[in-house]
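Novice: Letter by letter, the chains look like this.
There are 2 protein chains.
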Amino acid sequence: MTPPRLIYRNGTLRIMDQRLLPDRVAYIPARTAAAVAKATKDMALRGAPLIGCAAAFGFALELRRLRPGTPAALRAAARRTAELLKAARPTAVALFYAADRMLARALEFADAHPRPFGPAEKRRLVSLLEKEARLITAEDARACLDIGRHGARLLPKNCVIMTHCNAGALATMGIGTAVGVITEGRRAGKVKRAYACETRPYLQGARLTVWELMREKVPSELITDNMAAHIIKTCGVNAIVVGADRIAANGDTANKVGTYGLAIIARHHGVPFYVAAPTPTVDMEARSGDAIEIEERSCGEVVVVKGRRIAPRKVRARHPAFDVTPAGLITALITERGVISPVNVRNIGARLA
Amino acid sequence: MTPPRLIYRNGTLRIMDQRLLPDRVAYIPARTAAAVAKATKDMALRGAPLIGCAAAFGFALELRRLRPGTPAALRAAARRTAELLKAARPTAVALFYAADRMLARALEFADAHPRPFGPAEKRRLVSLLEKEARLITAEDARACLDIGRHGARLLPKNCVIMTHCNAGALATMGIGTAVGVITEGRRAGKVKRAYACETRPYLQGARLTVWELMREKVPSELITDNMAAHIIKTCGVNAIVVGADRIAANGDTANKVGTYGLAIIARHHGVPFYVAAPTPTVDMEARSGDAIEIEERSCGEVVVVKGRRIAPRKVRARHPAFDVTPAGLITALITERGVISPVNVRNIGARLA
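Sequence lines, in order, name chains A and W. In terms of my numbering, the first sequence opens at residue 282 and continues consecutively. In terms of my numbering, the second sequence opens at residue 282 and continues consecutively.
Accuracy of the hints is not assured; some may be wrong.
Note: identical chains are not told apart, hence a pair may lie in one copy or across any two.
The calculated DSS-like cross-link candidates involving lysine-lysine, where the alpha carbons are at most 27 Å apart (straight line), are [stated by the list, open to error]:
1. LYS471 with LYS595
2. LYS514 with LYS319
3. LYS595 with LYS322
4. LYS595 with LYS473
5. LYS514 with LYS595
6. LYS498 with LYS595
7. LYS403 with LYS322
8. LYS412 with LYS367
9. LYS587 with LYS438
10. LYS471 with LYS367
11. LYS367 with LYS403
12. LYS412 with LYS319
Don't read these hints as lab results, they were simulated from the structure.
Chain A with its partners taken away, still in its complex shape (with noise of 0.2 Å):
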C-alpha cells in the first residue's frame, strides 16, 4: 500500500513531500493556504487531483484562521483564497474544481448567515467546509476505484502496458487513475507486466511510478522516455494508459510533457491509447486544446538532476511541463462515469450531463 499523501488533523494537513520519494517519506506540515500552494509550486505535492483534494483542505484550513466575523468578510477572504491556491498550478483543472467547490460552500453560508457570525456560527463553518473538503477526497478515492475497474476491463488477456509520469495513488486520495487501471487490470490477471517511462525533467516515472508498482507487485520494468518507441514495437506492449491535467471539452488532453510523442507513437503502432481520469478533469470551458494554457517552468529543472549539473553553464533549456494531445490520438477517455469512445465534443458531454 502507498503511504498517505495529505493528513488533515486539528488544523494542520500533512503533506507528503514527493521530492524525497523513493528514498524517504516525510511530511510537509501546512496551516495555511499558502503553505499549501507553496508545497504545489515546489512539486512536494504534485498529481492534478492530490493537488485539487489538498487545495479543498487548505481552504478550510485558511478560513479557520482567518475566522472572519461578518459575511462580508468571509465572502472576501474565501474568494482570496480560491484564487491563491488555483494561482498555484494553472494547468490542473481538478484544482479549480476543488477550490471553486469550497468557495461556492463558503458564499452559500454568508447567504445563509448575513449577519455578524458568533463563536457556534464560526464553529459551524470550519465544521462546513472540513466537511465539503473531507467529501471531495472521499469522491476521489472512490473514483479512482470506479476508473481503475472500468480500465481494467478494457485490458486484454496478457496485457503489456505502459505508462507516463505518475497518475497513481501519489497523484490522487485513492488507488490512483492510470496506475489505479493497471493495479486493478493485475488484480483481475490480466497484465503481465508494465513499463513505467522515467518522465523527464522530474523523473515522476522513476521515483514515483516504479516505486509504486513495485509495492503493488506488479512486474514492472523502467524505460527512459525515449525508449519508448523501441520498447513498444518490440515488447509486444499492448495498452498505453496515462492520466491527465485538463481535458478540453472536445477530449484534447493536457498532460504532463511527452504524452503528446508517446500518443503519436502508439498509433503508429495501433496500440490503444487511453486517457484515464475523473471527470472533474475535463474543462468544459476550453473548446479544445488550443485554450489550455501550457505552464513553462523552469530551465533549471531540465540542466541539474538530484543537484547534480547535466549541460554546460549558460545554456539556454526548455521546460514546458505539459503537451497537450488531440483528442484524435486517444482511444478513450477512461472516468469514473464509464469510458467515453470516440473521443468527441458530443460523448463527452453526454456523458457529463
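Fit chain W to the supplied structure of chain A, relying on the hints for placement.
Specialist: Quick look at chain W alone, frame taken from chain A:
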C-alpha cells in the same frame, strides 16, 4: 572549435574522455588495442566514426607493441586485434570498417613478406599501419565536410532544426555528421535555431551537442527527449537530422535509442527526417534492420545519473542503447557521396557501387 578527440604520437593514442564533458577536457592515454576497446566500452570514447578512427590507431598501436617476427605471427596478431576492437561496440559498423581495413593492410603485408621480418620490415609494417590509420582519419574529416555541405543544401531558409544524441565533431575527426549539417547550414545563413534532445540515459545531447552548438555560435536550446513532439508542433521545427551507427542495405538505420520515436513524430508532423552518415556506415551485409543486433547496456546507466540514484533500489530497468528506424520514415540519407532519396535498397546500392 572543438578540441581534438584523438592525438596519436610516439606509440600513444590520447583519447578525449567524453564522460567528463562539458565540465572538463581530459585525455586517456592508450598504448594497446585493449585500452582503446576499454575506452569504447566505458563510453569515454563514443561516436561511430570516431570509434572507427580510434580503432585504426589502436590496431597500429597493438602491432607496434607486439612486433610480430613472421607472417604467421602477424596474421594471428592482426586477426586477434581486429576481433578485440570490433567486440567493443557491435552496433558501430564504422568500427568494423576501420578494423577490417587495417586487418587487410596487415594481411597484405604478410602476403608480400613471406619470410621472417628484419628490423627494417618491422618498422615498415608499423609505418604502413600508422599511415593507413591517418588516412582513415583524414577521410572521415573530409566526409564530414562533404556531408555538411550536401545536407545544408537541403535545408530551407530560416530553418529550425532538431537533432538527437551527438553526431557532432565529438563523434568524428571532422565537423561531425548531423551537427556538421547544422553548422554548415548556419554558415550558409539558413539555420535560425537548433534544438538538441538531451538523449537519456547518457545525455550526449545535454553534455556534448549543446556544448558544440554553443561553441559554434548556433542559437540553440536544450530539451528533454519527451518534449520533442510539443516543440516540433509549436516552435516551427522544419527539419530533423541525426547520425547513424549502422545503416542496413535497405536503409533501415540503427542509431542511439530515441531516434525511432523521433522519426515517427517527425512523420506525424510532416517534418523531413534526415540521417547524416558517411558511407562506411552502410552495412551491405545487413539486408534490413532485423539483421542489426541491438546492444543492451547496463541498467545502472538508466537508474544512476551523474552518480546520483534516481529510482528505487531493486528496480528493474531496460537499456537498449540503440533502436532501428525503418527506411520508410527517413526522408533522405545524407552521405559524403551525396543525398540518397527515397531511401531504398536500389538507391543505396547505386550510390555505393
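Novice: Indicate, hint by hint, whether the structure satisfies it.
Specialist: Results for each hint:
In this homomeric assembly, LYS471 and LYS595 come within 27 Å of each other (Cα to Cα) only across copies, at 24 Å, whereas the closest approach inside a single copy is 49 Å. In this assembly of identical chains, LYS514 and LYS319 lie within 27 Å of each other by CA distance neither inside one copy nor across copies; the values are 41 Å within and 32 Å between. Taking the shortest alpha-carbon separations for LYS595 and LYS322, only the intra-copy value of 24 Å comes in at or below 27 Å, while the best inter-copy value is 31 Å. Within a single copy, LYS595 and LYS473 get their C-alpha atoms only as close as 45 Å, which misses the 27 Å cut-off; across copies the closest is 19 Å, which meets it.
For a Cα distance limit of 27 Å, the shortest separation of LYS514 from LYS595 across copies, 26 Å, qualifies, whereas the shortest one inside one copy, 38 Å, does not. In this assembly of identical chains, LYS498 and LYS595 lie within 27 Å of each other by CA distance solely across copies; the values are 13 Å between and 43 Å within a copy. Within a single copy, LYS403 and LYS322 get their C-alpha atoms no closer than 30 Å, and across copies no closer than 70 Å, so neither meets the 27 Å cut-off. For the identical chains of this complex, LYS412 and LYS367 are intra-copy neighbours only, at 20 Å inside a copy versus 69 Å across copies, given an alpha-carbon limit of 27 Å.
Taking CA atoms no more than 27 Å apart as the test, LYS587 paired with LYS438 passes in neither setting, with 39 Å inside one copy and 40 Å between copies. Taking CA atoms no more than 27 Å apart as the test, LYS471 paired with LYS367 passes in neither setting, with 39 Å inside one copy and 43 Å between copies. In this assembly of identical chains, LYS367 and LYS403 lie within 27 Å of each other by CA distance solely inside one copy; the values are 25 Å within and 79 Å between copies. When the C-alpha separation of LYS412 and LYS319 is checked against a cutoff of 27 Å, the pair qualifies only within one copy, where the shortest distance is 24 Å, while the shortest distance between copies is 65 Å.
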